[in-house]
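Sequence lines, in order, name chains A and B. Quick note: the first sequence uses my numbering, first residue 4, plus one each step. Quick note: the second sequence uses my numbering, first residue 4, plus one each step.
Source of the hints: derived by calculation from the structure; they are not laboratory data. Careful: at least some of the hints might be erroneous.
Because identical chains cannot be distinguished in the list, a pair is counted as satisfied if it fits within a single copy or across any two copies.
Below 20 Å or equal to it, Euclidean Cα-Cα: the simulated EDC-like pairs (lysine to aspartate or glutamate) are [as the list claims (entries may be wrong)]: (1) LYS202 x ASP133; (2) LYS223 x ASP133; (3) LYS211 x ASP263; (4) LYS47 x GLU35; (5) LYS42 x ASP133; (6) LYS116 x GLU83; (7) LYS47 x ASP34; (8) LYS42 x ASP107.
Number of protein chains: 2
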Amino acid sequence: MFGYEGEGHVILAASVEFMHTATLLHDDVVDESDMRRGKLAARKLWGNQASVLVGDYLLGQAFKMMVDVRSLEALRILSEASAIIAEGEVLQLGAAQDTTTTYDMYLRVIEAKTAALFAAACEVSPEIADKGDEMRAAARKFGLELGYAFQLVDDALDYGGATVDLGKDVGDDFHEGKITLPVIYAMERGSDEDKAFWKRCLEDGDIKDGDLDHAIKLLKDTGALADTVQRARDYGASAIDALSVFPDGPAKQALKEAVDFCIARVS
Amino acid sequence: MFGYEGEGHVILAASVEFMHTATLLHDDVVDESDMRRGKLAARKLWGNQASVLVGDYLLGQAFKMMVDVRSLEALRILSEASAIIAEGEVLQLGAAQDTTTTYDMYLRVIEAKTAALFAAACEVSPEIADKGDEMRAAARKFGLELGYAFQLVDDALDYGGATVDLGKDVGDDFHEGKITLPVIYAMERGSDEDKAFWKRCLEDGDIKDGDLDHAIKLLKDTGALADTVQRARDYGASAIDALSVFPDGPAKQALKEAVDFCIARVS
């Protein structure tokens with residue numbers, strides 16, 4: 004079958020989900036992750052080979068579905084997002100774990116790895132519904148800001164969130180040496196001794212027993228986690244502001260609830 | 004930049020090359036190959052992580068370049084090929100090494116892994132040049148037949164070709180248990196003892212010193228290699244026949260030479 008004009012938004016939504024799942028399958032292979040969403044990662048269940056190839060299969064299907072919708076502009080939006088995501092992954096691989104990473108640099112990383120796909124996913128619907136440039140730009144901005152908020156919440160949760168709950172699964176970013184916003188804040192605000200601690204753990208990868216607990220204490224004492232969550236709230240509010248051009252109704256309400264749901268994960 | 008109408012064929016050719024390179028990078032990770040085209044594989048030089056991510060990057064760029072050409076029909080042709088290739092890879096992973104594989108089953112495998120991309124690459128040029136259905140179908144058929152010929156030659160070369168030259172790099176398919184046309188012919192024509200030999204080596208993966216030499220002897224004695232090369236010549240002749248609808252000239256001559264070049268690898 005070729006052409007789904009009437010239900011294009013559904014097909015594009017599915018193709019975004021396929022693209023996203025493909026990147027998760029490949030990411031877990033690249034990062035040698037054992038767990039995904041609290042369960043065994045696909046690569047642990049079915050192997051790295053299947054994860055690479057099924058990821059490629061999903062990308063191929065996603066591409067085919069997008070083409071079937073027959074909107075060149077939607078294809079342009081989604082193919083640019085796809086290229087940005089892949090470029091971001093390659094750049095991250097090449098970049099050393101660098102504790103001099105700034106807030107702006109961090110934003111560029113999470114834009115590539117998270118917010119670009121959110122933005123593209125949101126932009127294509129008004130595009131294929133011919134809603135005009137203003138709504139299209141607003142939907143894109145909504146997705147971008149929501150993407151930032153989502154990733155900041157994720158980064159805070161990786162250290163237990165604002166209210167530290169050590170029962171949760173924390174510390175992945177710490178052990179992988181990822182420089183996320185909580186760490187950037189804690190470094191800026193820390194003593195020379197604290198800075199040396201972060202550098203040893205994240206840049207040198209020299210992590211000892213108790214270091215994660217100490218990291219979480221620093222993140223809490225400096226307000227780094229709370230401020231990261233506050234920035235997520237700011238981006239969430241900005242996402243909701245972007246919706247002002249859309250008429251009130253259940254669709255707009257659902258988008259607002261998506262923002263609340265995203266922030267509530269950390270509260 | 005968005006839109007390369009004048010040079011679309013060049014951009015599409017580059018995007019096919021990117022797609023192809025991406026599959027090679029991923030294949031070498033999946034097959035744990037050490038060599039590619041007689042040199043160290045990318046994954047040995049830069050690691051599996053880089054090979055997975057750079058493959059994804061090339062796919063993303065290929066997709067973006069194809070979209071830039073702004074031909075929905077070319078996108079459909081190439082996205083279907085991309086989906087077929089990926090589906091073929093996944094199916095191959097799941098399929099046991101099965102020595103009851105028939106010629107038809109083998110053709111379907113090589114259509115997915117090789118000929119589909121050749122066919123799509125050939126079909127998009129008359130499509131974007133508005134050459135009509137007849138030329139488009141002819142170009143597609145040329146690509147498909149050339150793809151078969153190419154893969155058959157490749158499979159013969161993996162056992163040293165029709166004139167066995169043991170100085171070449173042979174035996175990869177044998178050690179991976181791949182059921183290729185030379186093996187299918189040799190199985191059909193072999194004694195019960197020969198069949199048991201192939202089954203032990205390719206299905207059970209129980210390969211001893213000297214087995215590859217014995218396999219090559221069987222492939223030669225039964226005429227399996229020579230007949231595989233003859234089938235490649237048949238497909239090559241069929242590819243050239245498909246060109247009859249095109250006017251004579253340097254372009255057509257170059258396509259014919261591509262067929263000759265492909266076959267000459269084994270002669």
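When no copy is named, should LYS42 and ASP107 be tagged within, between, both, or neither for a Cα gap of at most 20 Å? For LYS42 and ASP107, the Cα distance exceeds 20 Å both inside one copy (33 Å) and across copies (41 Å).
First find the shortest C-alpha distance between LYS47 and GLU35 inside one copy, then the shortest across copies, and answer within, between, both or neither for a cut-off of 20 Å. Classified as both; 9 Å inside a copy, 17 Å across copies.
Could you figure out if LYS42 and ASP133 sit no more than 20 Å apart (CA to CA) within one copy, between two copies, both or neither? neither (41 Å within a copy, 51 Å between copies)
Alpha-carbon proximity between LYS223 and ASP133, which holds within one copy, between copies, both or neither at 20 Å: neither (47 Å within a copy, 65 Å between copies)
Indicate which option fits the pair LYS47, ASP34 if close means a Cα-Cα distance not exceeding 20 Å: within, between, both or neither. Both, since 12 Å and 17 Å are each at most 20 Å.
Checking LYS116 and GLU83: alpha-carbon separation at most 20 Å within a copy, between copies, both or neither? within (13 Å within a copy, 27 Å between copies)
Homomeric proximity label, LYS202 with ASP133: Cα distance no greater than 20 Å: neither (50 Å within a copy, 60 Å between copies)
Since the copies are identical, ignore which copy is meant and state whether LYS211 and ASP263 lie within 20 Å (CA to CA) inside a copy, between copies, both or neither. Neither: 37 Å inside a copy, 63 Å across copies.
Taken one by one, the earlier hints fail for this structure at numbers 1, 2, 3, 5 and 8, listed in ascending order.
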